[in-house]
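*Asks:* Listed here are the chains, written in short residue letters.
2 protein chains.
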Amino acid sequence: MTIPELADRVKSRDRHAIARAITTIENDDQSTGRLLRELASKLGHAYRIGITGPPGAGKSTLTSELTKLLRSNGKTVGIIAVDPTSPFTGGALLGDRIRMQEVSMDEGVYVRSMATRGSLGGLSAKAKDAADILDAAGFDYILFETVGVGQSELDIAKAADTTVVVLVPESGDAVQAMKSGLMEIADFFVVNKSDREGADQAVRALTTILSFRVTHAEDEWIPAVIKTTASKNEGIENMLREIDKHREYLETTGKLALRRKARERERVHELIEDMLRIDFWTPAKSALLETELDRVAHHEKTSFDLAHELISDIKRQVA
Amino acid sequence: MTIPELADRVKSRDRHAIARAITTIENDDQSTGRLLRELASKLGHAYRIGITGPPGAGKSTLTSELTKLLRSNGKTVGIIAVDPTSPFTGGALLGDRIRMQEVSMDEGVYVRSMATRGSLGGLSAKAKDAADILDAAGFDYILFETVGVGQSELDIAKAADTTVVVLVPESGDAVQAMKSGLMEIADFFVVNKSDREGADQAVRALTTILSFRVTHAEDEWIPAVIKTTASKNEGIENMLREIDKHREYLETTGKLALRRKARERERVHELIEDMLRIDFWTPAKSALLETELDRVAHHEKTSFDLAHELISDIKRQVA
Chain P
1 MTIPELADRV KSRDRHAIAR AITTIENDDQ STGRLLRELA SKLGHAYRIG ITGPPGAGKS
61 TLTSELTKLL RSNGKTVGII AVDPTSPFTG GALLGDRIRM QEVSMDEGVY VRSMATRGSL
121 GGLSAKAKDA ADILDAAGFD YILFETVGVG QSELDIAKAA DTTVVVLVPE SGDAVQAMKS
181 GLMEIADFFV VNKSDREGAD QAVRALTTIL SFRVTHAEDE WIPAVIKTTA SKNEGIENML
241 REIDKHREYL ETTGKLALRR KARERERVHE LIEDMLRIDF WTPAKSALLE TELDRVAHHE
301 KTSFDLAHEL ISDIKRQVA
Chain V
1 MTIPELADRV KSRDRHAIAR AITTIENDDQ STGRLLRELA SKLGHAYRIG ITGPPGAGKS
61 TLTSELTKLL RSNGKTVGII AVDPTSPFTG GALLGDRIRM QEVSMDEGVY VRSMATRGSL
121 GGLSAKAKDA ADILDAAGFD YILFETVGVG QSELDIAKAA DTTVVVLVPE SGDAVQAMKS
181 GLMEIADFFV VNKSDREGAD QAVRALTTIL SFRVTHAEDE WIPAVIKTTA SKNEGIENML
241 REIDKHREYL ETTGKLALRR KARERERVHE LIEDMLRIDF WTPAKSALLE TELDRVAHHE
301 KTSFDLAHEL ISDIKRQVA
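Going down the list, the protein sequences come from chains P and V. Residues in the first sequence are numbered from 1 upward in steps of one, following my numbering. Residues in the second sequence are numbered from 1 upward in steps of one, following my numbering.
Hints should not be assumed to be uniformly reliable.
Said to hold, decoys possible - Restricting the straight-line Cα-Cα distance to at most 20 Å, the calculated cross-link-like pairs of lysine to aspartate or glutamate (EDC-like) are:
(1) Lys232/V to Asp195/V
(2) Lys301/P to Glu266/V
(3) Lys75/P to Asp155/P
(4) Lys301/P to Asp135/V
(5) Lys11/P to Asp135/P
(6) Lys301/V to Glu270/P
(7) Lys42/P to Asp305/V
(8) Lys285/V to Asp313/V
Stated by the list, open to error - Covered stretches of chain P (in silico footprint by chain V; criterion: 3 or more residues with CB under 8 Å from a CB of chain V, positions within the stretch not fixed):
(9) 186 to 196
(10) 238 to 251
Derived from the structure by calculation, the hints contain no laboratory data. Backbone N, C-alpha and C fix where the C-beta goes; we use that ideal spot for every residue, glycine too.
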């Protein structure tokens, strides 16, 4: 199948074509640019929601339940689950897979797991590319589910129009969220598993912390804190209402366009870094690195010296 | 103070000089290379231990207790705590700071917090540079304390000679560890807070998971699982015994040298990426990016097209 043919089938939401297109962007940097160019005119329809939080917060269940609710409203949903890979499992764990399968049997839903295999530098970029494919395929909503600790993972969450940070009632979770940078990216908070003890205290703690946040402008968005128990399908309507409210805020203030532009800026930066790295590491350069590394290991030179030598070697060649 | 003077004072373990040297590597890329070159001959003495795990596992307390034990054995200890920054706190949380202060009043201990401020790409490299400074200052042990979720954070943990993954007894923690890539980097596991219910089950679960790991060679290291209750100073001797055992294993098999070489290789890669990025983004290029981003936002071109244009512009200039 040619790239334009593949793009056409993606646009008509052919599931096999979507799968193939995402595999293409995962593996083939050459075709990715051409494929996305073919799809560009169809972009911008989908609303992108990032669902993030610490491990064990129940993000998968929440994602599944939100998907069911959106479906019952007649909306189509694409899900990108960024699951760190383990050699023990080869990707997502069985429990999550089963939960995901429930929703993914539905024709109006497309679920794709992406793993942090190999160079993670690229994962954030590739997750956004995959979202573009689902956007061009006409899905109304795209949900990114990603663990919310670690910079690359936060970058994925930030690539959404609305970012939801999921926590659990256990004391200390709010404090850990502050430490791990989740506070800054949350458009609102969900305290999930709120049938557990301490849910109300957790909400109060978060609300208090948020009240310390300096508001710079009158029209500034103030993140809400809502409670859910995803496993019992409780609070999901509330969550969707908050998403809609945030979306309306972004649209009326013109901030949606700014946010999407920032996302593209970030993506260009990522692409440039990938390209520079690939261009740089020729077989000759990699070989030189290996030879000289022994001298670094013996403290005869530093890794800085070696990096400078490798860089200036390139500069000499083009000069 | 000149760079050679600063280096001399670092080598004599002058605390102010160490602080200044780390601030230098955090802020000044030009001086870093020169500083580390002056220190190169003194490198290789310190044994580097990564202490990592999910938020809330008690890594700080464990680090403090291990430090006290090492001190009672007459060893000096440098600690690098990689704390994600929050604008609410401006760095580490008060509780951790107080705990750290307890050990940092000791002349044989040096504690440095490093934040994930700004470009995290550089943090992993900078944490290793800071470790080199502490190594050159003659500390016997360097402990990296870092949250073990997220790729950049795992990279820091991997930069150690021995990597300890800290979990808590709560069910699901082992499963989450599998998902987040912690299993692969652990030289051994600590189930901390093991006075809580479920500690023995957690140890059994981890041991079972580990038994599925395919062993490739006869001399392959098999990670142990040990219990601690750092807050009550229980199990710390056991933990140190396991560190010593792993160190001996690495030394007798020659794997310590390989591991350290791999660390330098990774660092050269990181440095090259930083240099390429800095070289690339001239003011003119950044301005061009901003102009053209609007066309990407309007779906007239893709971020791929724009990235290629920016790259080929560079190639034209040097051609």
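*Asks:* Determine for every hint whether it applies to the structure shown.
*Replies:* So, going through the hints one by one against the coordinates:
1. Lys232/V to Asp195/V: Holds, because 9 Å separates the two Cα atoms, which is no more than 20 Å.
2. Lys301/P to Glu266/V: 15 Å, holds
3. Lys75/P to Asp155/P: 26 Å, violated
4. Lys301/P to Asp135/V: It holds: about 16 Å lies between the C-alpha atoms, which stays within 20 Å.
5. Lys11/P to Asp135/P: Distance of about 9 Å is within 20 Å: holds.
6. Lys301/V to Glu270/P: 17 Å, holds
7. Lys42/P to Asp305/V: 16 Å, holds
8. Lys285/V to Asp313/V: 9 Å, holds
9. 186 to 196: This one is violated; 0 residues, fewer than the three required, reach chain V with a Cβ under 8 Å.
10. 238 to 251: Our answer is that it is violated, as 0 residues pass the Cβ test (under 8 Å) against chain V, missing three.
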